[in-house]
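These protein sequence lines map, in sequence, to chains S and G.
Okay, so the first sequence: first residue is 1 according to the numbering used here, each after it adds one.
Okay, so the second sequence: first residue is 1 according to the numbering used here, each after it adds one.
Worth flagging that the hints you see were computed from the coordinates, not collected in a lab.
It is possible that part of the hints are untrue.
[To be verified] Simulated restraints on C-beta separations:
id, chain 1, residue 1, chain 2, residue 2, range
1, G, D70, S, R76, 16 to 24 angstroms
2, S, R231, G, T33, 41 to 49 angstroms
3, G, D70, S, A134, 31 to 39 angstroms
4, G, A24, S, E200, 36 to 44 angstroms
5, S, T19, G, D11, 33 to 41 angstroms
6, G, G22, S, K36, 26 to 34 angstroms
7, G, F36, S, A134, 37 to 45 angstroms
8, S, G175, G, A86, 20 to 28 angstroms
9, S, P92, G, D32, 32 to 40 angstroms
10, G, T33, S, H35, 38 to 46 angstroms
[To be verified] Here are the simulated DMTMM-like pairs of lysine to aspartate or glutamate, each with C-alpha atoms no more than 25 angstroms apart in a straight line:
id, chain 1, residue 1, chain 2, residue 2
11, S, K84, G, E25
12, S, K84, S, D135
13, S, K36, G, E25
14, S, K84, S, D16
This one's a predicted model, so the numbers in the text were calculated from it and none came from an experiment.
Note that beta-carbon positions come from the ideal geometry of N, C-alpha and C, so glycine has one too.
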Amino acid sequence: MLPVPPAGCADVWWLDICTVAVGRTELAELSLQEHKRAASFAFRADRRRYTAAHVMLRRVLSGYLDIPPSSLVFRREPCPRCGKPTGRPALPFGYGVHFSLAHSGDAVVIAVAGQPVGVDVEQQPSGCVCALSADMNAADAAWGRPLSEAARHDLVIRWWVRAEAVLKCTGEGIGHGIGSFPVLGSPDGPPGPAAPGGPEQLVAATTVHGCSLVSLPAPAGYQAALALAGRGSAVRLAVRAPWSSLPRRAARAQPPG
Amino acid sequence: VSGPSTAAVADELRGVLADATGRAELRGLPLDTPLFGPAVGLDSLTGTLLLREVRNRFGVDVAAEDLNLDALATLGTLAAFIGQRAQLPAGSA
């Protein structure tokens, strides 16, 4: 059984959905609710991404809990702002395990910690994202103004994943305002891309909205961030499954369902 | 002076979604497609970008004007909501 990460630490699991076979064995591990949601996707690629991510989430958490993947039951905590059942996903009784799941493009990332954790990943969009500057905190948006358009797109996505990771850690939805606090600020300028890291690394964190926030090393073409509840000067990351651990399958792989 | 038709707005929204996601299949979305459920698989970034583009292009702040967000039910309801409120700039088609 995997140990739950101690305070200030998070385990990170990357998954390339092109490398995952989702067959009958895997589908049998999902709940009726997950099957219903998977069936409601209009496009096969979305269905496949959702299914692979949730199979992976159950298997990862199973390793920390010694509970079969199919026996895990998920619930939603109340949003700390409005009390609606839209807060952080959680396990009944908690088991002392906190987790967060994000997916974009072919990438799925799961973070596991002993304290509330939020993770986000975004594939660099093909179109212009400058319109989102209006949703940014004014201090964050100011960093983007002198940049070239390509560099600004990069910064907007870095802003988004960092803000989203914090809101997922606290359980507040983006409907309550994703730009209500700065996530890029520092006297030295905005943070650059996360440096590539080994399987274990200590990353200097910024305290944002009561969380310790770090940019997460991500696959090429993606940006990611992770937030841990509480104020800490650094977060120790342990990559349990690196992005390139499996050969990519051909894109013609059949999606489930 | 009337605003843009639902069909014209829907076409523009399809273009915004396709450009933002790089997914050409979104240019063919039927009007009755739920936008923010799982059907289209929009993530929160694309959803936020869509509403921001709506504000920039049509001058309609959907979240501020429709507190129940009923307008976001489908592509068609969003397009109709925008069409009722937006005024095309003079000279535009």
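Going back to the hint list, which numbers does this structure go against? 3, 7, 10, 11 and 14
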